[in-house]
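Undergrad: Sequence:
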Amino acid sequence: LMSAQLSLTIDWAKLDDTALSASADLAGCKVVKSPSRLSAEALEGAFIHRVPVGDGWSGYLLGPGNPDFVPLAEISPHLVRSVIYTEDPTFYEHQGFSGDFQGALVRNLKEGRIGWGGSSITNQMVKNVFLTRDKTLARKLQEFILTWHVENAISKERILEIYFNAIEYGPGLYGIGRAADLYFKRTPRRLGVIESAFISTLLPAPAVRYQQYCRRAHTLWTQQKIENIVDGMWTRELIDEEAYLLAIEAPLYFRGDPASEPMCAGKVRK
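Residue numbers (our numbering): 18 to 287.
A few of these clues could be false.
Here are the computed lysine-lysine pairs in the DSSO-like style, where the Cα-Cα straight-line distance is at most 30 Å [to be verified]:
1. Lys-242 to Lys-144
2. Lys-157 to Lys-202
3. Lys-157 to Lys-173
4. Lys-173 to Lys-144
5. Lys-242 to Lys-173
6. Lys-157 to Lys-144
7. Lys-173 to Lys-202
8. Lys-242 to Lys-202
Hint data in this document are derived by calculation from the structure and do not stem from the laboratory.
Let's have the full structure, built from the sequences with the hints guiding it.
TA: Below you can see the structure in the form of structure tokens.
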């Protein structure tokens with residue numbers, strides 16, 4: 018049996034004082050039956066990842082057999098650490114749920130909409146791989162259960178591997194293999210600290226921030242964000258002194274050719 022408790026106090030005149038507490042006892046719970054595409058076996062092996070394209074959907078093989086698929090062991094440790102640092106610092110400590118959910122709730126109430134913040138890497142992977150982009154309470158419940166299921170079905174390393182190969186890095190640009198090649202003409206293994214930090218800045222709004230590549234220039238916000246990421250990684254000993262000094266001295270340089278990209282049409286800086 019699963020037991021859960023939720024306490025929510027809202028003062029509509031003082032939304033900043035909103036108080037949310039929740040707990041769930043999932044000990045002893047197990048998935049007895051699940052759709053085939055959500056089974057542990059499906060998650061461990063290659064599968065077709067469906068992504069939105071225009072008004073419809075398309076799909077690609079996520080796994081060996083796709084030349085753009087990149088095993089976790091072939092992704093730069095700098096990128097892995099940078100993304101964990103920016104997206105989910107307690108990734109290896111939690112069971113799928115992390116982040117400032119109460120703060121996200123306050124923001125949603127103020128804005129009068131259903132939006133979700135404070136997502137863990139596992140949670141983001143679940144949303145990208147298994148769910149539509151609808152934002153409803155029913156979908157949030159699906160998200161909660163699937164996140165718990167994934168954390169219990171596969172390893173943290175496999176979660177990261179799926180995540181890096183499934184998420185969007187620009188308009189219609191899915192998977193770290195394609196992203197590393199487009200932005201920097203590198204394999205994911207060869208991404209340095211500064212390049213990894215830039216890719217980390219893409220994740221909240223990849224389609225919008227892709228425009229910096231089209232213009233061959235990043236914004237002041239991006240530059241400051243990159244510096245903050247590099248400084249934070251150095252402070253937390255996620256990179257050594259040599260890598261840190263190289264990152265703060267080396268400029269970020271896009272090596273791809275935006276003029277050849279259809280999504281950059283009309284936006285390329287000559």
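Undergrad: Next, verify each hint and record whether it holds.
TA: Quick rundown of the hints versus the structure:
1. Of the pairs offered as hints, the one joining Lys-242 and Lys-144 holds, with about 25 Å between alpha carbons and a cut-off of 30 Å not exceeded.
2. Restraint check for Lys-157 and Lys-202: the C-alpha separation of about 38 Å exceeds 30 Å, so the hint is violated.
3. Between Lys-157 and Lys-173 the CA atoms are separated by roughly 22 Å; this keeps the pair inside 30 Å, and the hint holds.
4. For a cut-off of 30 Å, the pair hint linking Lys-173 to Lys-144 stands: about 16 Å separates their Cα positions.
5. For the given pair, Lys-242 sits about 27 Å from Lys-173 by alpha-carbon distance, which is consistent with the 30 Å threshold.
6. Distance hint between Lys-157 and Lys-144 is fulfilled; the C-alpha atoms sit about 10 Å from each other, no more than 30 Å.
7. Distance check on the hinted pair: Lys-173 and Lys-202 sit about 28 Å apart at the alpha-carbon level, within 30 Å; holds.
8. Between the alpha carbons of Lys-242 and Lys-202 the distance comes to roughly 22 Å, so the proposed pair stays at or under 30 Å and holds.
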